[in-house]
Amino acid sequence: MSRATETHRVVEYWTDKDIHVIFPVARSEEVDRMSDAQVIAEYGDPDDGAVRRIRDQW
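At position 20 of the sequence shown the residue is numbered 28 (the working numbering), and the sequence of numbers has no breaks.
To be clear, the hints were calculated from the coordinates, so they are not data collected in a lab. Fair warning: this is a prediction, and the values are worked out from it, not measured in the lab. Each residue gets a CB set at the ideal place from its N, CA and C atoms; glycine is no exception. Check the hints yourself; a few may be wrong.
[Said to hold, decoys possible] Ranges between beta-carbon positions, derived for each pair:
1) LYS25 x TYR51: 16 to 26 Å
2) GLU14 x ALA58: 30 to 40 Å
3) ASP55 x PRO32: 11 to 21 Å
Given these sequences and hints, build the entire structure.
As structure tokens, then:
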């Protein structure tokens, strides 16, 4: 799941390597239209491992 401020969108997920990843992405019209999975695929680090679960509640 992601949260957004006026300037950034923050995405949080866990990988298959049990790595907890939280990262910010600068907001734009393109980023705002993306699903969390699309943001992770575009801006996430594949070295962290495959996405196991996107946080579904804050």
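Here is what the structure says about each hint:
Distance hint check for LYS25 and TYR51: the Cβ-Cβ separation is about 18 Å, which falls inside the suggested range of 16 to 26 Å. In this structure the hint that GLU14 and ALA58 lie 30 to 40 Å apart at CB holds, the actual value being about 32 Å. Taken as a hint, the range 11 to 21 Å holds for the pair ASP55 and PRO32, whose Cβ atoms sit roughly 18 Å apart.
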